[in-house]
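Enquirer: One letter stands for each residue in the lines below.
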Amino acid sequence: MSAIDHKGRPIIAVTGVGVVSSLGKGKKQNWDKLTSGESGIHRISRFTNEGLRTTIAGTVDFMDLDPHSAPELSLALARSAAHEAVDQSGIEQGDFPGPLFLAAPPVEIEWQHRFELDAELPGGEHVGYSKLLKAGRAKRHQEMYELLQFNRTADLLSDEFGTKGLPISLSTACASGATAVQLGVEAIRRGDSECALCIGTDGSVTTESLIRFSLLSALTTQNDEPTKAAKPFSKDRDGFVMAEGAGALVLESLDHARARGADILAIVRGCGEKADHFHRTRSSPDGSPVIAAVHRALEDAGVSASEIDYINAHGTSTPENDRMEYNSLKEVFGDAIHQTPISSNKSMIGHTLTAAGAIEAVFSVLTLQHGLIPPTINYDTPDPDIPLDVVPHQAREAKVTNILSNSFGFGGQNACLVLSNEIEA
Amino acid sequence: MGDSSQPVWITGIGLLSALGEGTQSHWQAMNKASPDNLDSQRFAPYSVHKLGEVDWAQQISRRDMRQMEPWQQIGTYTAGLALDDADAKEDADLVGRMDMIVAAGGGERDIEVDSAIMADARSANGREALLTERLSNDLRPTLFLAQLSNLLAGNISIVHKVTGSSRTFMGEEGAGISAIKTAHARIASGQSDIVLVGGAFNAEREDMLLLFELGQYLAEGPFQPVWSRSGDSAGVNLGSIGAFLVLESAEHARKRGVTPYAELAAVEVDHGPRDAGAAAGRLTAALSALSDDTPDAILSGASGVEDITTEERDWLNKNLPDTPYRAFGSVTGHGVEAHFPLGIALAAIATRNGSFYDPLEANENATSQKPSNILVTTAGHYRAEGLGLVKPVSQ
Numbered sequence: 001m002s003a004i005d006h007k008g009r010p011i012i013a014v015t016g017v018g019v020v021s022s023l024g025k026g027k028k029q030n031w032d033k034l035t036s037g038e039s040g041i042h043r044i045s046r047f048t049n050e051g052l053r054t055t056i057a058g059t060v061d062f063m064d065l066d067p068h069s070a071p072e073l074s075l076a077l078a079r080s081a082a083h084e085a086v087d088q089s090g091i092e093q094g095d096f097p098g099p100l101f102l103a104a105p106p107v108e109i110e111w112q113h114r115f116e117l118d119a120e121l122p123g124g125e126h127v128g129y130s131k132l133l134k135a136g137r138a139k140r141h142q143e144m145y146e147l148l149q150f151n152r153t154a155d156l157l158s159d160e161f162g163t164k165g166l167p168i169s170l171s172t173a174c175a176s177g178a179t180a181v182q183l184g185v186e187a188i189r190r191g192d193s194e195c196a197l198c199i200g201t202d203g204s205v206t207t208e209s210l211i212r213f214s215l216l217s218a219l220t221t222q223n224d225e226p227t228k229a230a231k232p233f234s235k236d237r238d239g240f241v242m243a244e245g246a247g248a249l250v251l252e253s254l255d256h257a258r259a260r261g262a263d264i265l266a267i268v269r270g271c272g273e274k275a276d277h278f279h280r281t282r283s284s285p286d287g288s289p290v291i292a293a294v295h296r297a298l299e300d301a302g303v304s305a306s307e308i309d310y311i312n313a314h315g316t317s318t319p320e321n322d323r324m325e326y327n328s329l330k331e332v333f334g335d336a337i338h339q340t341p342i343s344s345n346k347s348m349i350g351h352t353l354t355a356a357g358a359i360e361a362v363f364s365v366l367t368l369q370h371g372l373i374p375p376t377i378n379y380d381t382p383d384p385d386i387p388l389d390v391v392p393h394q395a396r397e398a399k400v401t402n403i404l405s406n407s408f409g410f411g412g413q414n415a416c417l418v419l420s421n422e423i424e425a
Numbered sequence: 001m002g003d004s005s006q007p008v009w010i011t012g013i014g015l016l017s018a019l020g021e022g023t024q025s026h027w028q029a030m031n032k033a034s035p036d037n038l039d040s041q042r043f044a045p046y047s048v049h050k051l052g053e054v055d056w057a058q059q060i061s062r063r064d065m066r067q068m069e070p071w072q073q074i075g076t077y078t079a080g081l082a083l084d085d086a087d088a089k090e091d092a093d094l095v096g097r098m099d100m101i102v103a104a105g106g107g108e109r110d111i112e113v114d115s116a117i118m119a120d121a122r123s124a125n126g127r128e129a130l131l132t133e134r135l136s137n138d139l140r141p142t143l144f145l146a147q148l149s150n151l152l153a154g155n156i157s158i159v160h161k162v163t164g165s166s167r168t169f170m171g172e173e174g175a176g177i178s179a180i181k182t183a184h185a186r187i188a189s190g191q192s193d194i195v196l197v198g199g200a201f202n203a204e205r206e207d208m209l210l211l212f213e214l215g216q217y218l219a220e221g222p223f224q225p226v227w228s229r230s231g232d233s234a235g236v237n238l239g240s241i242g243a244f245l246v247l248e249s250a251e252h253a254r255k256r257g258v259t260p261y262a263e264l265a266a267v268e269v270d271h272g273p274r275d276a277g278a279a280a281g282r283l284t285a286a287l288s289a290l291s292d293d294t295p296d297a298i299l300s301g302a303s304g305v306e307d308i309t310t311e312e313r314d315w316l317n318k319n320l321p322d323t324p325y326r327a328f329g330s331v332t333g334h335g336v337e338a339h340f341p342l343g344i345a346l347a348a349i350a351t352r353n354g355s356f357y358d359p360l361e362a363n364e365n366a367t368s369q370k371p372s373n374i375l376v377t378t379a380g381h382y383r384a385e386g387l388g389l390v391k392p393v394s395q
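Residue numbers (the numbering used here), protein chains in the order written: chain A, 1 to 425; chain B, 1 to 395.
If we strip away everything but chain A, and leave its shape as in the complex, we get (with noise of 0.2 Å):
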């Protein structure tokens, strides 16, 4: 069996990978609780919900962090996942010999923040921003300074997984964790390194993120029954659930990894990417970008979409994305979509932003590996336009060799990766 691709590349094989999800810690927890139909979706406790449109979120309420803050449990919720997947791997923790991708959530400072600065000196001419500067002047505050830097969260998991070099944070919004993928398939299809830690994680949901997805209408209000509430591809879906997680996934050549006798769980066959200019966020209305983005990822990983046995969808439970994924994939897959199966782990975990695309990436690893597809649950009301297979309810059994999952976000963000357990050329 050659190494090489049908473009004359290093074929890239995943070794590892780990998750953390609403659902819970590690692949065991997770998995086996998205193929029996769990949701994962609570009414909000971490802040206040009253007087929320949406009191409803997949938060992850189990890292023990004292203080909490949006970029303390990112990271808390990466460096579990990236701990299961290089103990996976067989890679020796603290030595990994190669760059680290993270897709983490833009920091912030914090309304906490600003009520701590705002208390450290009395009122009077100084308002706002002016008297928190003052605050600044008057003393360091090195330990905010840093959870505020934007490339923290990165640096320390760098350090504490010995990644080499600088290490890169990126964001494409709800595509980063595809797009973390797809660096690291790149800088090892280049040359530059034989193995690549890709991380997506996001721990965000504060009073003010999702205020701010409220007033985009991009939330659901179905606050009754919070574990319905995510239904992607119903008829009565009115929007994402946010919620929290991490993906990652340690990439390696397959040369690298057969020398080394790693256990290949599968490979990254091909992304593919486009970008959309139609609107900040929403997509094209001929779904092109989207079209194309799944286009380049068959044509990248060598692959025809007949070939593909099962799609996991990006599934957000909006009215647009649904509809949109939908006309994009029937115009890419013709007819043959109404067979293929397609499913949305959204309908489970919500949506986890930020970390989406590694999750799900995660997710079809071990599709792959048990030969078992997720189910979508809540799906009581069909929408009778988007005619899909969407493995309602329960798992499903299957052959399954290759997968394209979907990950697009605001910014016209779009990006599609290709995994298989097929390692031939």
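These aren't lab readings, by the way, just hints derived from the structure by calculation.
Positions of the beta carbon are idealized from the N, C-alpha and C atoms, including for glycine.
Hints may be right or wrong, so weigh each one.
Said to hold, decoys possible - Simulated DEER-style distance windows between Cβ atoms:
id : chain 1 : residue 1 : chain 2 : residue 2 : range
1  : A       : G334      : B       : G96       : 20 to 26 Å
2  : B       : D292      : A       : R46       : 42 to 48 Å
3  : B       : A57       : A       : R260      : 39 to 45 Å
4  : B       : S61       : A       : Q394      : 32 to 38 Å
5  : A       : G123      : B       : A366      : 17 to 23 Å
6  : B       : Q58       : A       : E320      : 22 to 28 Å
7  : B       : S61       : A       : D87       : 49 to 55 Å
8  : A       : S217      : B       : N319      : 54 to 60 Å
9  : A       : G334      : B       : G126      : 36 to 42 Å
10 : A       : Q29       : B       : A119      : 41 to 47 Å
Given the coordinates of chain A, work out where chain B should sit on it, guided by the hints.
Expert: The following block gives chain B in isolation, referenced to the frame of chain A:
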């Protein structure tokens, strides 16, 4: 990359800073040594290098302007200048397949809303309830889109139709270095033919100043050029900067018939704790990995933060003695994510013009030598050290 690697040419430059807009104004202003548009009043005791008058309509429609905050306007405008300069702007097919890497931080806050909430929170019984109520009512829905790091790239796609790919790197100065390095690597290896790459930074905002002052990294009091800063004046003077480059494989540029400024020969970057001498050690390793060519001029991105700036200067004096260096931040201010792209752009301009910049302060030596290998340094104010090498194209 070995012998098969493609030369990477700089074929377009877009610049916007306190020195003006475009390559010509930067070439002239950099040789003047007194900083234009230095504002020491508005954010006193801090000085920032502010933008002069900009006719935004040259690059961005009114409608699109309303959807952006200043940092995105700076970046989108500058990206447009770079595309124009590379003769690529009007070529729909070309921008439609052009790759893009943007180095970005976070967007502006609504200072008034934040300030009012802080004031009311002092006497409020329940801060959480107050937050929910006020944020729900007072936040502009579109502000969120100005705060997302990847929405600068998103705006560039919308305004200039650059849509081959779109990636945003975050992480202060290092993000700018990684963006250029990744773009270079993709072209050199044949993964891409042409990449729009750069960053934008808006210094004229209190919320950004605060992020630096939490670590007490800002310079205060009377302004001093970078190497002359000490005591209160040591530290960063931020500058509003947009810096974008069009990088292109030599073969692709030849086919298009565009004239390159220079070749981007190599980029190296690393990071680690800043124990005494550690950053200098990483710079030494980066320099030996960079190229066999010895630099004959240096554009330093030194930030003015005392320890690392002193360490870099000592390193330059020891490893590249007698090689003239210019800390361009003395006249542009420090542009964080945009700083390294700016340095590469200034190096490319000097290369095309066949001479180096005049000294920007007494601590810098004059030279009349024509530069043939310009080293660009950027040591982040807190983390990351990178080097780039710019040289004339070999036709």
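Enquirer: Each hint needs a verdict: does it hold in this structure or not?
Expert: Now for the hints, and whether the structure bears them out:
no., hint, verdict
1, A:G334 / B:G96: 20 to 26 Å, "holds, 25 Å"
2, B:D292 / A:R46: 42 to 48 Å, "violated, 56 Å"
3, B:A57 / A:R260: 39 to 45 Å, "violated, 59 Å"
4, B:S61 / A:Q394: 32 to 38 Å, "violated, 51 Å"
5, A:G123 / B:A366: 17 to 23 Å, "violated, 53 Å"
6, B:Q58 / A:E320: 22 to 28 Å, "violated, 34 Å"
7, B:S61 / A:D87: 49 to 55 Å, "holds, 52 Å"
8, A:S217 / B:N319: 54 to 60 Å, "holds, 57 Å"
9, A:G334 / B:G126: 36 to 42 Å, "violated, 57 Å"
10, A:Q29 / B:A119: 41 to 47 Å, "holds, 45 Å"
Checked against the numbered hints given earlier, this structure breaks hints 2, 3, 4, 5, 6 and 9; the rest are met.
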